[in-house]
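Peer 1: Listed below are the residues making up each chain.
Protein chains: 4
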Amino acid sequence: MPTVSDIRTNHLSLQIRSGVSTLSQNSKKADAVLSNMRLSTYQELEPTARVGRGLSCTNYCIIFAVLFGALLAILETEPTLYDPFRGLFEVAEGVLTILFSVEYAARLWSAADAPGDASSLAKRGRFFISLAGLLDLVVLLAAWAPFFTANLALLRIVRLARIARLAKLGRFSRAAEHLHYAVTTRAYELLLAVSLALILLVAGATALYWAEGTVQPDKFGSIPRALWWSAVTLTTIGYGDVSPVTPLGKFIAVLVAVAGIGLVALPTGILASGFSEAVQRDRKADNQ
Amino acid sequence: MPTVSDIRTNHLSLQIRSGVSTLSQNSKKADAVLSNMRLSTYQELEPTARVGRGLSCTNYCIIFAVLFGALLAILETEPTLYDPFRGLFEVAEGVLTILFSVEYAARLWSAADAPGDASSLAKRGRFFISLAGLLDLVVLLAAWAPFFTANLALLRIVRLARIARLAKLGRFSRAAEHLHYAVTTRAYELLLAVSLALILLVAGATALYWAEGTVQPDKFGSIPRALWWSAVTLTTIGYGDVSPVTPLGKFIAVLVAVAGIGLVALPTGILASGFSEAVQRDRKADNQ
Amino acid sequence: MPTVSDIRTNHLSLQIRSGVSTLSQNSKKADAVLSNMRLSTYQELEPTARVGRGLSCTNYCIIFAVLFGALLAILETEPTLYDPFRGLFEVAEGVLTILFSVEYAARLWSAADAPGDASSLAKRGRFFISLAGLLDLVVLLAAWAPFFTANLALLRIVRLARIARLAKLGRFSRAAEHLHYAVTTRAYELLLAVSLALILLVAGATALYWAEGTVQPDKFGSIPRALWWSAVTLTTIGYGDVSPVTPLGKFIAVLVAVAGIGLVALPTGILASGFSEAVQRDRKADNQ
Amino acid sequence: MPTVSDIRTNHLSLQIRSGVSTLSQNSKKADAVLSNMRLSTYQELEPTARVGRGLSCTNYCIIFAVLFGALLAILETEPTLYDPFRGLFEVAEGVLTILFSVEYAARLWSAADAPGDASSLAKRGRFFISLAGLLDLVVLLAAWAPFFTANLALLRIVRLARIARLAKLGRFSRAAEHLHYAVTTRAYELLLAVSLALILLVAGATALYWAEGTVQPDKFGSIPRALWWSAVTLTTIGYGDVSPVTPLGKFIAVLVAVAGIGLVALPTGILASGFSEAVQRDRKADNQ
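Protein chains in written order, with the numbering used here: chain A, 57 to 344; chain B, 57 to 344; chain C, 57 to 344; chain D, 57 to 344.
If you are wondering where the hints come from, they were derived from the structure by calculation, not from laboratory data.
No residue lacks a Cβ here, since even glycine has one placed at the ideal position from N, Cα and C.
Wrong hints could be hidden among the right ones.
Simulated coverage check for chain D against chain A, where a stretch passes if three residues somewhere in it have a Cβ under 8 Å from a Cβ of chain A [to be verified]:
| no. | stretch |
| --- | --- |
| 1 | 131 to 139 |
| 2 | 289 to 297 |
Derived pair list, reagent style BS3-like, types lysine-lysine, alpha-carbon separation capped at 25 Å [unchecked claim]:
| no. | chain 1 | residue 1 | chain 2 | residue 2 |
| --- | --- | --- | --- | --- |
| 3 | D | K224 | D | K179 |
| 4 | A | K84 | A | K179 |
| 5 | D | K306 | D | K275 |
| 6 | C | K84 | C | K179 |
| 7 | C | K179 | C | K224 |
| 8 | D | K179 | D | K84 |
| 9 | A | K275 | B | K275 |
| 10 | C | K275 | D | K275 |
| 11 | C | K275 | B | K275 |
| 12 | B | K179 | B | K224 |
| 13 | D | K84 | C | K275 |
| 14 | A | K179 | A | K224 |
| 15 | D | K340 | A | K275 |
| 16 | B | K179 | B | K84 |
| 17 | B | K85 | B | K179 |
Full structure from sequences and hints, please.
Peer 2: Put into structure tokens, the structure is as follows:
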């Protein structure tokens with residue numbers, strides 16, 4: 057169902073197409089054209105302005121560019137790939153940097169059409185200091201950094217910042233919202249379960265420090281060192297770089313591992329049920 | 057409860073047994089006999105034509121042959137088994153190839169009795185280009201390949217194709233349907249959960265590339281390399297071929313592992329509940 | 057609430073205690089005394105004859121003896137424990153053997169009081185050929201074996217048979233029943249889920265045989281060899297003795313592992329829900 | 057909402073502040089002041105005396121001190137941290153020891169205001185022999201130990217006792233209660249599931265002792281040794297220090313691992329559902 061602003065947009069774009077030739081009326085009309093372009097831009101960029109109509113074509117383009125940029129940033133770190141195709145990587149990175157710069161400018165400009173009674177400048181300021189706005193800015197500055205500095209250590213970190221572009225997807229996805237809902241509604245249970253798991257972590261490390269501290273001093277010689285074993289065991293990862301060798305150590309390790317399976321599974325179960333509830337609540341809201 | 061076609065089949069097979077000696081009537085009768093043999097063949101081969109009566113004896117024979125063939129193809133790759141018993145393997149493979157060739161011919165011929173109003177030829181064409189039909193053809197060609205080529209590299213891949221015969225079981229099993237139902241009805245949750253897991257995968261790899269990239273360049277020297285560690289850790293497999301060695305790396309690894317357990321368990325839980333729902337829905341439908 | 061047979065037992069034991077001195081009545085009375093002793097023995101040994109009154113003192117003694125015997129059989133295999141304390145082990149084992157011999161004789165004798173209309177001999181025969189009876193006999197023969205043979209290889213296996221005494225606990229525990237219920241009521245789902253897991257197991261092994269067969273021939277040189285990797289990975293154990301080394305192998309391994317987590321969790325979830333249902337059904341039946 | 061005792065407290069503290077100068081009334085007034093200070097102290101220290109008003113500021117200080125003390129005790133065991141900052145550690149430990157001594161004295165003194173009809177001395181005795189009281193005393197004695205003995209072996213264990221301070225948090229947390237509720241209400245299922253898991257553990261160890269005992273005598277040479285493998289495999293940790301090498305051993309290992317996944321997950325599932333029920337029951341009670 058077209059809203060009032062849609063009708064205005066369509067009406068005006070019709071006027072634009074039918075030719076706005078009479079210069080005497082230009083000042084007023086140009087303003088109107090610009091203001092409508094800004095509104096269209098806002099609606100194209102901001103998914104929350106298009107509730108019930110899904111993502112716009114521009115949104116999909118940005119998602120694709122973000123995913124492509126992340127893939128690029130990941131592959132770039134591999135010398136056997138980067139060295140032979142350095143030119144290609146730099147071109148692709150340059151195109152993406154320009155694209156995201158245009159996107160940022162468009163978002164800042166069209167932020168004036170965000171809902172609310174504040175002035176255009178105030179709305180733009182609000183976007184500028186919003187989490188999404190600041191993230192966009194940081195990632196953009198990281199992309200432009202090679203033009204301002206030749207400090208290699210800085211550039212190395214800056215390159216990694218480009219992977220943070222993935223967080224821009226949070227704007228288009230409900231997954232983050234659902235996880236947030238799951239964590240907040242189950243905060244109390246999660247905190248309790250995590251506390252129990254942490255106490256077991258420390259208790260397990262202390263027990264093996266006591267049992268094997270003198271036998272394998274480099275692995276269990278202090279509780280912080282034993283904590284690595286404890287964490288690897290309670291998560292059932294078990295790399296095998298650290299494991300008890302004495303019968304007593306093995307016996308304690310089995311007790312810790314068995315107790316741990318149950319306790320470590322508690323937060324997982326709580327989070328899973330919270331996530332599932334968030335998705336169902338969301339679906340019900342969509343159906344109404 | 058015998059259907060009309062069953063009655064016809066029985067009636068005609070009685071006629072066949074009681075002797076069809078008068079040659080003057082042969083032309084018509086031979087046609088009828090053939091057409092009824094074709095129908096019987098179709099019903100013997102196609103489980104969906106026997107709803108409520110389970111699998112036919114022929115179906116069970118084919119399932120056994122498929123399982124036996126897969127076992128054969130698996131054991132064949134082991135030189136310590138294949139070299140001393142090469143003759144036995146080749147005989148068994150030959151018998152299976154003939155059996156599956158006959159089965160394919162019978163399916164193609166009897167496809168004319170598939171439900172629908174199309175001509176016999178159209179129905180056979182439909183079977184020929186169906187997923188199951190093409191799979192049958194590919195596996196059959198793979199079995200016949202040694203007679204047409206001596207290219208060893210090609211034959212090696214072709215041999216593996218024989219394991220794909222296992223997919224023929226999909227025709228007799230509801231497991232694939234249930235999994236399909238589970239994946240499609242929970243597609244949205246699964247996509248969200250998998251996205252979160254993927255983002256954590258990339259974030260974990262990036263963090264360890266940053267922390268240990270210079271210490272263990274062969275293992276964490278680039279993000280694609282660190283992704284192997286990240287995947288092995290988040291799935292809690294933990295082979296131990298790659299693990300952090302610096303205190304900072306270990307600390308980040310623990311955070312990633314703990315966050316990962318919860319996120320990786322999300323898709324599992326969603327899939328399990330979808331699968332269980334599919335089975336229950338199916339059972340209810342059976343009871344009605 | 058005392059049953060009729062209890063009253064009879066008490067009544068007769070009173071008579072026994074008050075002195076059965078008159079020899080003229082002895083023949084009849086001795087019979088009655090014996091028959092009541094047999095009934096008491098049956099009730100002491102057989103938990104199903106004491107519904108609602110829990111386990112008898114004799115039951116608890118047998119459970120303790122079984123657990124102690126299993127612990128003994130486990131520790132005996134450790135040379136560093138067995139060699140210095142050989143005498144103690146042999147005495148303890150001898151005492152247990154006599155105790156279990158007496159138990160077996162008592163069970164065989166009192167089996168005549170099992171419910172049913174058959175003759176005493178028939179009831180004893182039924183116990184003799186029952187699963188529990190045969191298990192008791194086998195374990196008993198294993199315990200007496202050292203007196204009949206000096207064949208060390210045989211004795212080694214026979215010794216392990218003594219651990220099978222643990223299965224005698226099945227007589228006192230409902231856990232086995234619940235597991236049986238869980239497996240039978242969910243047989244169809246379990247079969248489907250296990251089939252899917254097996255197909256993934258074979259598919260994963262085939263893929264890595266294809267990808268790494270020539271690189272690590274001793275580990276992935278044939279599908280049966282690659283199946284070990286596949287099983288260790290899909291169960292997320294990850295010993296680390298076998299893991300892919302090529303980028304392609306690692307990529308496939310990650311796909312297999314991620315797909316596997318979901319599929320391997322399906323049977324677990326099905327079994328867990330079946331077990332939980334069995335326990336609840338049992339509790340409800342107890343309350344009525 | 058201030059209770060009667062609060063009003064009394066406030067009223068009296070006002071009197072205290074406004075000056076209690078007239079010495080003639082001192083005896084009575086000083087008593088009243090002391091008795092009210094004691095009540096305030098009790099309410100500040102004991103969370104159960106502040107139902108519905110959350111934790112007091114003193115409680116939060118103690119929680120912080122306990123966590124800080126545990127962190128200190130953990131870091132102290134690491135020589136690379138302790139040796140350069142020995143002085144700092146000793147000062148911090150000394151401050152904490154004094155603080156906890158004052159806390160213990162305050163708890164013992166104010167225990168006289170615990171609810172109940174017993175005399176002050178009896179109430180203090182009850183606190184002294186309570187679990188929480190004894191724990192406080194043991195941890196306090198451990199902290200004072202360096203002043204009474206120079207026995208290094210003793211001091212090493214005593215230092216670890218300071219990590220037991222974490223258990224003091226049990227006084228402020230409901231997590232322990234919920235876990236206790238989960239374990240007690242599901243005791244029967246948990247016992248059954250754990251029994252099944254233990255039997256599988258022993259059976260797996262016995263099978264691999266039989267299959268690989270002679271091949272890897274140091275790892276599978278006795279059942280107690282094989283139990284380490286069995287435990288590490290059934291919990292899916294898989295360090296990789298022990299794994300079967302023969303085809304038969306690998307085959308049995310896969311069967312044990314697959315059976316184990318299901319059985320080991322049973323207790324986890326039972327515990328998780330019990331914990332979740334405990335939290336929900338608690339929340340409902342809070343809402344009423």
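Peer 1: Against this structure, judge whether each hint is valid.
Peer 2: For each hint, the structure was consulted:
no.: 1; hint: 131 to 139; in the structure: holds (count 5)
no.: 2; hint: 289 to 297; in the structure: holds (count 7)
no.: 3; hint: K224/D x K179/D; in the structure: 20 Å, holds
no.: 4; hint: K84/A x K179/A; in the structure: 23 Å, holds
no.: 5; hint: K306/D x K275/D; in the structure: 14 Å, holds
no.: 6; hint: K84/C x K179/C; in the structure: 23 Å, holds
no.: 7; hint: K179/C x K224/C; in the structure: 20 Å, holds
no.: 8; hint: K179/D x K84/D; in the structure: 23 Å, holds
no.: 9; hint: K275/A x K275/B; in the structure: 21 Å, holds
no.: 10; hint: K275/C x K275/D; in the structure: 21 Å, holds
no.: 11; hint: K275/C x K275/B; in the structure: 21 Å, holds
no.: 12; hint: K179/B x K224/B; in the structure: 20 Å, holds
no.: 13; hint: K84/D x K275/C; in the structure: 89 Å, violated
no.: 14; hint: K179/A x K224/A; in the structure: 20 Å, holds
no.: 15; hint: K340/D x K275/A; in the structure: 46 Å, violated
no.: 16; hint: K179/B x K84/B; in the structure: 23 Å, holds
no.: 17; hint: K85/B x K179/B; in the structure: 24 Å, holds
Of the numbered hints stated above, those contradicted by the structure are hints 13 and 15, listed in ascending order.
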